[in-house]
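Q: Sequence:
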Amino acid sequence: MPIKTEALEEPTLILTPMVDIVMLIMIFFMVSTEFRRRESQYEIQLPKVTDAKPLTPLPDELVVNVTDDGTIYIGTEKKTIEELEAEIRAAHERYAEQVVVIRGDGEGRYQNVMTVLNLCKRTGIRNIQLANRIDGEGGP
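Just so we're aligned, residue 1 is where the sequence shown starts under this note's numbering, counting upward by one.
The set of hints was computed from the structure by calculation and includes no laboratory data.
Bear in mind that the values here come from a model prediction, so they are computed numbers and not experimental data.
Quick reminder that beta carbons are idealized off the backbone N, C-alpha and C, glycines included.
Warning: the hint list may mix true and false statements.
Unchecked claim - Simulated restraints, written as ranges between beta carbons of each label pair: (1) N132 to I81: 21 to 27 angstroms; (2) P59 to T80: 19 to 25 angstroms; (3) I81 to D60: 20 to 26 angstroms; (4) M26 to A96: 16 to 22 angstroms; (5) S32 to R89: 39 to 45 angstroms; (6) G75 to I134: 22 to 28 angstroms; (7) A96 to I14: 51 to 57 angstroms; (8) T80 to D135: 54 to 60 angstroms; (9) G75 to R126: 43 to 49 angstroms; (10) P59 to G108: 24 to 30 angstroms.
Unchecked claim - Here are the computed lysine to aspartate or glutamate pairs in the DMTMM-like style, where the Cα-Cα straight-line distance is at most 20 angstroms: (11) K79 to D68; (12) K48 to E87; (13) K121 to E61; (14) K121 to E87; (15) K79 to D69; (16) K78 to D105; (17) K4 to D20; (18) K79 to D105; (19) K121 to E107; (20) K79 to D51; (21) K121 to E85; (22) K121 to E97; (23) K78 to E61.
Please take these sequences and the hints and turn them into a complete structure.
A: What follows is the structure, given as structure tokens:
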């Protein structure tokens, strides 16, 4: 007695969700273009000032790495205390609210991190963060 088998249904690609997304994106761009037209339809002569500074984006935080032997790095560059002070001072002059993140090695001497903290205090940096890792997180 032969076994009856049903014909397998061919998989089909459902395009309805993709068409919905494309339509939403088109509507978004049409609306945002309309707002831009409304802003530029008025011919306004903006006032001029002599002492204004151009807007600058917020700087990235300055990450200072202190190894267990006291070596200091910013990024991949090894720095002396004097070079670090000059770089932090320059960053503070560019942006008064500059953030400095100190990543001290957990096996190193506490004095190494305190030296960098004191240097931040001398240069006027007030926004200092100490990096740490939550117990149980992976990583080196």
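Q: Does each hint hold? Answer for all of them.
A: Status of the hints after comparison with the structure:
1. In this structure, N132 and I81 meet the distance hint of 21 to 27 angstroms, their C-beta atoms being roughly 23 angstroms apart.
2. For the hinted restraint 19 to 25 angstroms between P59 and T80, the CB-CB distance of approximately 23 angstroms keeps it satisfied.
3. Between I81 and D60 the Cβ separation comes to about 22 angstroms, which falls inside the hinted range of 20 to 26 angstroms.
4. The given range of 16 to 22 angstroms is broken by M26 and A96, whose C-beta atoms sit roughly 44 angstroms from each other.
5. For the pair S32 and R89, the beta carbons lie near 43 angstroms from each other, so the given range of 39 to 45 angstroms is met.
6. One distance hint, 22 to 28 angstroms for the beta-carbon pair G75 and I134, holds here, with the actual separation near 24 angstroms.
7. A96 and I14 have their C-beta atoms about 56 angstroms apart, which keeps the hinted 51 to 57 angstroms range intact.
8. Hint check: T80 to D135, Cβ distance near 34 angstroms, so the stated range 54 to 60 angstroms is violated.
9. Between G75 and R126 the Cβ separation comes to about 23 angstroms, which falls outside the hinted range of 43 to 49 angstroms.
10. The hint said 24 to 30 angstroms for the Cβ distance between P59 and G108, and at roughly 27 angstroms that hint holds.
11. For the given pair, K79 sits about 15 angstroms from D68 by alpha-carbon distance, which is consistent with the 20 angstroms threshold.
12. The straight-line distance between the Cα atoms of K48 and E87 is roughly 34 angstroms, outside the 20 angstroms bound, and the hint therefore fails.
13. Between K121 and E61 the alpha-carbon distance is near 16 angstroms, which keeps this suggested pair within the 20 angstroms criterion.
14. Of the supplied pair hints, the one linking K121 and E87 holds, its CA atoms being roughly 14 angstroms apart against a limit of 20 angstroms.
15. This hinted pair checks out: K79 and D69 have alpha carbons roughly 13 angstroms apart, not beyond 20 angstroms.
16. At most 20 angstroms may separate the alpha-carbon atoms for a hinted pair to count; K78 and D105 meet this at roughly 15 angstroms.
17. Between K4 and D20 the alpha-carbon distance is near 40 angstroms, which puts this suggested pair outside the 20 angstroms criterion.
18. Taking the CA atoms of K79 and D105, the gap is near 16 angstroms; set against the 20 angstroms cutoff, the hint holds.
19. Of the pairs offered as hints, the one joining K121 and E107 is violated, with about 24 angstroms between alpha carbons and a cut-off of 20 angstroms exceeded.
20. For the suggested pair K79 and D51, the alpha carbons sit about 36 angstroms apart, so the restraint of at most 20 angstroms is broken.
21. For the hint pairing K121 with E85, the CA-to-CA distance comes to about 10 angstroms; that is within 20 angstroms, so the pair holds.
22. Only pairs whose Cα atoms come within 20 angstroms are accepted, and K121 paired with E97 is accepted, the gap being roughly 13 angstroms.
23. A hinted pair counts as satisfied when its Cα atoms are at most 20 angstroms apart, and K78 with E61 qualifies at roughly 18 angstroms.
In terms of the numbered hints stated before, the structure departs from hints 4, 8, 9, 12, 17, 19 and 20, listed from lowest to highest.
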